[in-house]
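Asker: Sequence:
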Amino acid sequence: MSAHTYELMFIANPELDERGLKKLTEQYLEIVAKEGGTVDKTDYWGRRKFAYELAGKNEGNYVVVNYTAEPATSAELDRLLNLNESVIRTKILRKDAK
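In the numbering used here, the protein residues as written are 1 to 98.
These are computed hints drawn from the structure, not numbers from a lab.
Just so you know, not all the hints are guaranteed correct.
Computed cross-link-like contacts, DSS-like style, restricted to lysine-lysine with a CA-CA straight-line distance of at most 27 angstroms [what the hints assert, rightly or not]:
hint, residue 1, residue 2
1, LYS34, LYS91
2, LYS41, LYS22
3, LYS57, LYS34
4, LYS22, LYS57
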(Lines of atoms letter the chains of each structure in order from A and count residues from 1; the text may use other names and numbers.)
(Lines give C-alpha, C1' and ligand atoms only; values in the text may rest on other atoms or scores of the structure.)
Protein backbone atom coordinates (compact mmCIF):
# COMPACT_ATOMS: atom_id res chain seq x y z
CA MET A 1 0.00 0.00 0.00
CA SER A 2 1.01 3.59 -0.33
CA ALA A 3 0.92 6.48 2.11
CA HIS A 4 -1.91 9.00 1.97
CA THR A 5 -2.38 12.54 3.27
CA TYR A 6 -4.78 12.87 6.21
CA GLU A 7 -6.25 15.59 8.39
CA LEU A 8 -6.97 14.68 12.00
CA MET A 9 -9.14 16.89 14.16
CA PHE A 10 -9.74 16.04 17.76
CA ILE A 11 -11.37 17.78 20.69
CA ALA A 12 -9.69 17.33 24.04
CA ASN A 13 -10.94 17.92 27.57
CA PRO A 14 -11.16 21.69 28.28
CA GLU A 15 -9.52 21.14 31.68
CA LEU A 16 -6.17 20.32 30.02
CA ASP A 17 -3.72 23.21 30.13
CA GLU A 18 -1.59 24.14 27.11
CA ARG A 19 1.33 21.93 28.16
CA GLY A 20 -0.96 18.94 28.81
CA LEU A 21 -2.63 19.39 25.43
CA LYS A 22 0.73 19.48 23.61
CA LYS A 23 1.92 16.41 25.51
CA LEU A 24 -1.29 14.55 24.60
CA THR A 25 -0.92 15.54 20.93
CA GLU A 26 2.76 14.56 20.73
CA GLN A 27 2.01 11.21 22.36
CA TYR A 28 -0.25 10.26 19.47
CA LEU A 29 1.87 11.81 16.74
CA GLU A 30 4.74 9.54 17.82
CA ILE A 31 2.61 6.65 16.52
CA VAL A 32 2.66 8.22 13.05
CA ALA A 33 6.44 8.68 13.19
CA LYS A 34 7.09 5.13 14.46
CA GLU A 35 5.12 3.70 11.55
CA GLY A 36 7.12 5.66 8.96
CA GLY A 37 4.69 8.54 8.46
CA THR A 38 5.35 12.26 8.65
CA VAL A 39 3.56 15.05 10.50
CA ASP A 40 3.23 18.03 8.18
CA LYS A 41 1.46 20.59 10.37
CA THR A 42 -0.06 20.82 13.86
CA ASP A 43 -2.51 23.62 14.57
CA TYR A 44 -3.86 24.32 18.05
CA TRP A 45 -7.16 26.18 17.74
CA GLY A 46 -7.60 26.60 21.48
CA ARG A 47 -10.72 26.31 23.61
CA ARG A 48 -14.06 26.70 21.82
CA LYS A 49 -17.67 26.47 22.95
CA PHE A 50 -19.84 23.66 21.57
CA ALA A 51 -23.22 24.18 19.94
CA TYR A 52 -24.51 21.42 22.22
CA GLU A 53 -23.15 19.37 25.11
CA LEU A 54 -20.65 16.59 24.30
CA ALA A 55 -19.63 14.04 26.93
CA GLY A 56 -20.97 16.31 29.66
CA LYS A 57 -18.83 19.27 28.49
CA ASN A 58 -19.84 22.62 26.98
CA GLU A 59 -16.42 23.43 25.49
CA GLY A 60 -13.21 21.73 24.41
CA ASN A 61 -9.66 22.22 23.12
CA TYR A 62 -9.47 21.78 19.34
CA VAL A 63 -6.36 20.42 17.60
CA VAL A 64 -5.91 19.91 13.83
CA VAL A 65 -3.03 17.82 12.48
CA ASN A 66 -2.06 17.22 8.84
CA TYR A 67 0.03 14.10 8.34
CA THR A 68 1.05 11.47 5.79
CA ALA A 69 0.84 7.78 6.69
CA GLU A 70 -0.36 4.34 5.69
CA PRO A 71 -4.11 3.60 6.08
CA ALA A 72 -3.39 1.07 8.85
CA THR A 73 -1.55 3.74 10.84
CA SER A 74 -4.54 6.08 10.63
CA ALA A 75 -6.87 3.31 11.75
CA GLU A 76 -4.65 2.56 14.76
CA LEU A 77 -4.34 6.26 15.60
CA ASP A 78 -8.12 6.65 15.54
CA ARG A 79 -8.57 3.56 17.72
CA LEU A 80 -6.10 4.79 20.34
CA LEU A 81 -7.56 8.30 20.41
CA ASN A 82 -11.03 6.88 21.03
CA LEU A 83 -9.73 4.92 24.01
CA ASN A 84 -8.38 8.02 25.76
CA GLU A 85 -10.79 9.64 28.22
CA SER A 86 -9.20 13.08 27.66
CA VAL A 87 -10.29 13.01 24.00
CA ILE A 88 -13.94 13.96 23.54
CA ARG A 89 -14.27 13.59 19.73
CA THR A 90 -12.08 12.65 16.76
CA LYS A 91 -12.37 12.88 12.99
CA ILE A 92 -9.83 11.71 10.42
CA LEU A 93 -10.26 12.72 6.78
CA ARG A 94 -8.20 11.46 3.86
CA LYS A 95 -7.18 14.64 2.02
CA ASP A 96 -6.03 13.06 -1.25
CA ALA A 97 -9.22 11.01 -1.79
CA LYS A 98 -10.98 11.65 -5.07
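Asker: All the hints need checking, so say for each whether the structure fits it.
Answerer: Each hint tested on the structure:
Restraint check for LYS34 and LYS91: satisfied, since their Cα atoms lie roughly 21 angstroms apart, inside the 27 angstroms limit. A hinted pair counts as satisfied when its Cα atoms are at most 27 angstroms apart, and LYS41 with LYS22 qualifies at roughly 13 angstroms. Simply put, LYS57 and LYS34 have alpha-carbon atoms about 33 angstroms apart, too far for the 27 angstroms limit, and the pair is violated. Of the supplied pair hints, the one linking LYS22 and LYS57 holds, its CA atoms being roughly 20 angstroms apart against a limit of 27 angstroms.
The structure fails to meet hint 3 from the earlier list, while all remaining hints are met.
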